[in-house]
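2 protein chains.
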Amino acid sequence: MSAPAVAYPDHLRARVDDYLRTLRFPSRAPRTDGLEDAMRYSLLAGGKRIRPVLALATAEAAGVDAPDVLALAASLELIHTYSLIHDDLPAMDDDDLRRGRPTCHVKFGEDVAILAGDALYAEAFQHLLTAQPGEPARLLAAARELAAATGVDGMVGGQFLDVAGVSDTPEDLRRLHALKTGRLIGASVVCVLLLAGVDDEAVVRWRGFAGELGVLFQIVDDILDVTGTDEGLGKPQGSDERHGKRTYVTEYGLQGARSMAAECHRAARDTLSVVAPAGATELEQITDFIFTRTS
Amino acid sequence: MSAPAVAYPDHLRARVDDYLRTLRFPSRAPRTDGLEDAMRYSLLAGGKRIRPVLALATAEAAGVDAPDVLALAASLELIHTYSLIHDDLPAMDDDDLRRGRPTCHVKFGEDVAILAGDALYAEAFQHLLTAQPGEPARLLAAARELAAATGVDGMVGGQFLDVAGVSDTPEDLRRLHALKTGRLIGASVVCVLLLAGVDDEAVVRWRGFAGELGVLFQIVDDILDVTGTDEGLGKPQGSDERHGKRTYVTEYGLQGARSMAAECHRAARDTLSVVAPAGATELEQITDFIFTRTS
Chain Y
1 MSAPAVAYPD
11 HLRARVDDYL
21 RTLRFPSRAP
31 RTDGLEDAMR
41 YSLLAGGKRI
51 RPVLALATAE
61 AAGVDAPDVL
71 ALAASLELIH
81 TYSLIHDDLP
91 AMDDDDLRRG
101 RPTCHVKFGE
111 DVAILAGDAL
121 YAEAFQHLLT
131 AQPGEPARLL
141 AAARELAAAT
151 GVDGMVGGQF
161 LDVAGVSDTP
171 EDLRRLHALK
181 TGRLIGASVV
191 CVLLLAGVDD
201 EAVVRWRGFA
211 GELGVLFQIV
221 DDILDVTGTD
231 EGLGKPQGSD
241 ERHGKRTYVT
251 EYGLQGARSM
261 AAECHRAARD
271 TLSVVAPAGA
281 TELEQITDFI
291 FTRTS
Chain Z
1 MSAPAVAYPD
11 HLRARVDDYL
21 RTLRFPSRAP
31 RTDGLEDAMR
41 YSLLAGGKRI
51 RPVLALATAE
61 AAGVDAPDVL
71 ALAASLELIH
81 TYSLIHDDLP
91 AMDDDDLRRG
101 RPTCHVKFGE
111 DVAILAGDAL
121 YAEAFQHLLT
131 AQPGEPARLL
141 AAARELAAAT
151 GVDGMVGGQF
161 LDVAGVSDTP
171 EDLRRLHALK
181 TGRLIGASVV
191 CVLLLAGVDD
201 EAVVRWRGFA
211 GELGVLFQIV
221 DDILDVTGTD
231 EGLGKPQGSD
241 ERHGKRTYVT
251 EYGLQGARSM
261 AAECHRAARD
271 TLSVVAPAGA
281 TELEQITDFI
291 FTRTS
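In order, the protein sequence lines correspond to chains Y and Z.
Going left to right, the first sequence walks through residues 1 to 295 as full-length UniProt numbering numbers them.
Going left to right, the second sequence walks through residues 1 to 295 as full-length UniProt numbering numbers them.
To be clear, the hints were calculated from the coordinates, so they are not data collected in a lab.
Any given hint might turn out to be false.
[Unchecked claim] Calculated lysine to aspartate or glutamate pairs in the DMTMM-like style (CA-CA distance at most 25 Å, straight line):
1. Z/Lys-245 - Y/Glu-110
2. Z/Lys-245 - Y/Asp-33
3. Y/Lys-48 - Y/Glu-284
4. Y/Lys-48 - Y/Asp-200
5. Y/Lys-107 - Z/Asp-94
6. Z/Lys-107 - Z/Asp-240
7. Y/Lys-245 - Z/Asp-33
8. Z/Lys-107 - Z/Asp-94
9. Y/Lys-107 - Z/Glu-110
10. Z/Lys-245 - Y/Glu-284
11. Z/Lys-107 - Y/Glu-284
12. Y/Lys-245 - Y/Glu-135
13. Y/Lys-107 - Y/Asp-33
14. Y/Lys-245 - Y/Asp-221
15. Z/Lys-107 - Z/Asp-33
16. Y/Lys-245 - Z/Asp-95
17. Z/Lys-245 - Z/Glu-263
18. Y/Lys-245 - Y/Glu-110
19. Y/Lys-48 - Y/Asp-10
20. Z/Lys-107 - Y/Glu-110
21. Z/Lys-107 - Z/Asp-95
22. Y/Lys-245 - Y/Asp-168
23. Y/Lys-245 - Z/Asp-37
[To be verified] Not the full set, but computed from the structure, chain Z residues with beta-carbon under 7 Å of chain Y:
24. Arg-31
25. Leu-97
26. Gln-126
27. Leu-129
28. Val-152
29. Gly-157
30. Val-163
[As the list claims (entries may be wrong)] Label-pair ranges, simulated between beta-carbon atoms:
31. Z/Ala-202 - Y/Val-6: 54 to 62 Å
32. Y/Pro-102 - Z/Ala-45: 35 to 43 Å
33. Y/Lys-48 - Z/Arg-269: 53 to 61 Å
34. Z/Thr-292 - Y/Asp-37: 55 to 63 Å
35. Y/Asp-94 - Z/Asp-37: 17 to 25 Å
36. Y/Asp-96 - Z/Arg-101: 29 to 37 Å
37. Y/Pro-102 - Z/Asp-37: 51 to 59 Å
38. Z/Leu-254 - Y/His-243: 47 to 55 Å
Cβ atoms here follow ideal geometry from the backbone N, Cα and C, with glycine treated the same way.
Full structure from sequences and hints, please.
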């Protein structure tokens with residue numbers, strides 16, 4: 001993790017940020033702006049926008065113009081934001097800080113935070129289904145992927161395993177993170193391919209890449225929870241340990257986790273060179289960034 | 001509300017119940033069954049299944065075979081169940097009883113209840129998008145309607161207005177319920193028509209019927225909170241008053257609310273006779289039932 005900072009496709013991130021700032025969540029009732037405020041407070045709190053940037057980078061690698069998947073990309077970030085808001089709740093991880101600012105429930109109250117998460121998820125589908133161009137059958141396939149990636153066999157199932165503390169073996173831990181983090185990162189790649197009408201076999205190979213990326217992301221996350229600073233993380237360092245969570249570091253030690261990250265990084269890059277033989281600069285950058293990030 | 005009990009399309013309800021019982025929510029991680037248990041506990045707690053029954057009855061009135069919209073109907077009930085679980089949470093209405101049984105968070109813990117709600121919503125989309133037959137463009141239109149009906153300009157926006165207590169005028173109250181309850185009841189009708197490819201003008205007329213039905217449902221709900229028994233309601237009677245909620249009864253008095261219900265019922269029946277001139281027995285029954293129900 002002591003490697004020099006690597007390039008990140010900041011032009012894609014800027015495009016995502018610009019787009020996200022334009023999003024409004026109005027209703028026919030004039031007084032839901034308090035809900036919209038909570039949604040936008042968390043949505044626009046910054047961050048690397050890894051999922052939407054990954055979607056835009058995948059589009060370029062697959063020969064699709066990035067602007068054409070901006071709506072999908074935004075939906076991914078809405079969903080990620082919803083998951084952070086719910087994960088931070090007192091009944092879950094009970095975190096007060098996120099990206100250096102009070103978490104949504106600290107700022108707006110627990111009831112509003114629950115609803116802001118619920119609403120972001122609904123608006124993610126709404127946005128994908130109304131603003132994303134694409135043939136109906138392909139749009140359906142992408143929406144199906146997104147729903148699957150965020151249900152019991154996805155993000156929420158993984159979060160359940162996390163709060164229920166039922167990961168007894170390394171295999172359990174791997175599965176937990178494959179669901180909690182891996183599925184949405186995978187969907188950030190796969191939904192783009194489905195929209196582009198890429199054939200099934202190629203989708204399977206790309207899933208391999210996205211899967212490695214998801215595991216890599218989580219291992220590095222666990223390492224940073226131990227080695228990072230509060231300031232860099234934007235949340236209290238050592239939070240996993242205080243919650244008694246099983247992590248790649250508690251299971252394999254810091255050195256073991258670092259070796260696994262390096263192995264995972266190599267596997268992701270190898271798979272990428274197979275799925276995008278002509279090269280995919282931005283996806284390579286994202287892969288390297290996820291490996292070497294310090295916050 | 002003292003009218004004799006009216007017929008309810010119990011054959012449709014039985015069909016819905018049979019179908020819901022077959023639903024499973026597995027994951028590739030073997031230990032998410034605790035999440036599935038919480039989801040099914042709330043989903044299979046009984047109830048009149050008004051939304052899915054309304055969908056099946058609309059299908060028959062629109063000349064579509066009821067079995068062909070069972071997946072959509074189930075999705076509606078999954079979403080309704082999710083909304084009940086989240087509404088009951090300590091940070092929201094803090095209700096311990098629902099349909100005579102401990103609420104989801106009392107039974108499974110607050111963290112699991114939040115996730116069970118989140119998962120039911122994801123699985124609702126997942127089920128609609130994978131199990132519901134239909135042309136892609138029509139299926140997309142139905143999914144779009146469902147997302148819109150459950151976001152900021154729908155169910156969650158209405159619940160926000162409810163917890164935020166920002167309904168100062170009768171007009172505010174009407175809007176709150178139009179979002180919180182009306183939109184999903186409306187979607188139960190409209191999604192079926194979209195799947196059936198009914199033309200836009202007809203959909204608008206049907207929305208009128210569904211809108212009246214939604215308001216009627218809420219007025220009667222408010223009346224029952226005052227006049228019902230704990231046993232009949234399956235939750236503590238007078239719960240609205242204890243929460244200091246503005247209701248049709250607090251705004252218009254019991255007699256005023258009863259007159260409004262009667263007016264709304266008549267308007268719903270009138271609109272129904274226009275949209276389904278050949279008659280629609282089951283929709284008439286549901287309309288009468290919503291008006292005269294005692295729990």
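Structure-based check of each hint:
no. : hint                              : verdict
1   : Z/Lys-245 - Y/Glu-110             : 19 Å, holds
2   : Z/Lys-245 - Y/Asp-33              : 20 Å, holds
3   : Y/Lys-48 - Y/Glu-284              : 16 Å, holds
4   : Y/Lys-48 - Y/Asp-200              : 30 Å, violated
5   : Y/Lys-107 - Z/Asp-94              : 21 Å, holds
6   : Z/Lys-107 - Z/Asp-240             : 23 Å, holds
7   : Y/Lys-245 - Z/Asp-33              : 20 Å, holds
8   : Z/Lys-107 - Z/Asp-94              : 13 Å, holds
9   : Y/Lys-107 - Z/Glu-110             : 20 Å, holds
10  : Z/Lys-245 - Y/Glu-284             : 55 Å, violated
11  : Z/Lys-107 - Y/Glu-284             : 47 Å, violated
12  : Y/Lys-245 - Y/Glu-135             : 43 Å, violated
13  : Y/Lys-107 - Y/Asp-33              : 15 Å, holds
14  : Y/Lys-245 - Y/Asp-221             : 13 Å, holds
15  : Z/Lys-107 - Z/Asp-33              : 15 Å, holds
16  : Y/Lys-245 - Z/Asp-95              : 31 Å, violated
17  : Z/Lys-245 - Z/Glu-263             : 23 Å, holds
18  : Y/Lys-245 - Y/Glu-110             : 23 Å, holds
19  : Y/Lys-48 - Y/Asp-10               : 9 Å, holds
20  : Z/Lys-107 - Y/Glu-110             : 20 Å, holds
21  : Z/Lys-107 - Z/Asp-95              : 12 Å, holds
22  : Y/Lys-245 - Y/Asp-168             : 11 Å, holds
23  : Y/Lys-245 - Z/Asp-37              : 23 Å, holds
24  : Arg-31                            : 5 Å, holds
25  : Leu-97                            : 20 Å, violated
26  : Gln-126                           : 4 Å, holds
27  : Leu-129                           : 4 Å, holds
28  : Val-152                           : 4 Å, holds
29  : Gly-157                           : 4 Å, holds
30  : Val-163                           : 5 Å, holds
31  : Z/Ala-202 - Y/Val-6: 54 to 62 Å   : 57 Å, holds
32  : Y/Pro-102 - Z/Ala-45: 35 to 43 Å  : 36 Å, holds
33  : Y/Lys-48 - Z/Arg-269: 53 to 61 Å  : 56 Å, holds
34  : Z/Thr-292 - Y/Asp-37: 55 to 63 Å  : 41 Å, violated
35  : Y/Asp-94 - Z/Asp-37: 17 to 25 Å   : 24 Å, holds
36  : Y/Asp-96 - Z/Arg-101: 29 to 37 Å  : 34 Å, holds
37  : Y/Pro-102 - Z/Asp-37: 51 to 59 Å  : 34 Å, violated
38  : Z/Leu-254 - Y/His-243: 47 to 55 Å : 50 Å, holds
Hint violations for this structure: numbers 4, 10, 11, 12, 16, 25, 34 and 37, all remaining hints satisfied.
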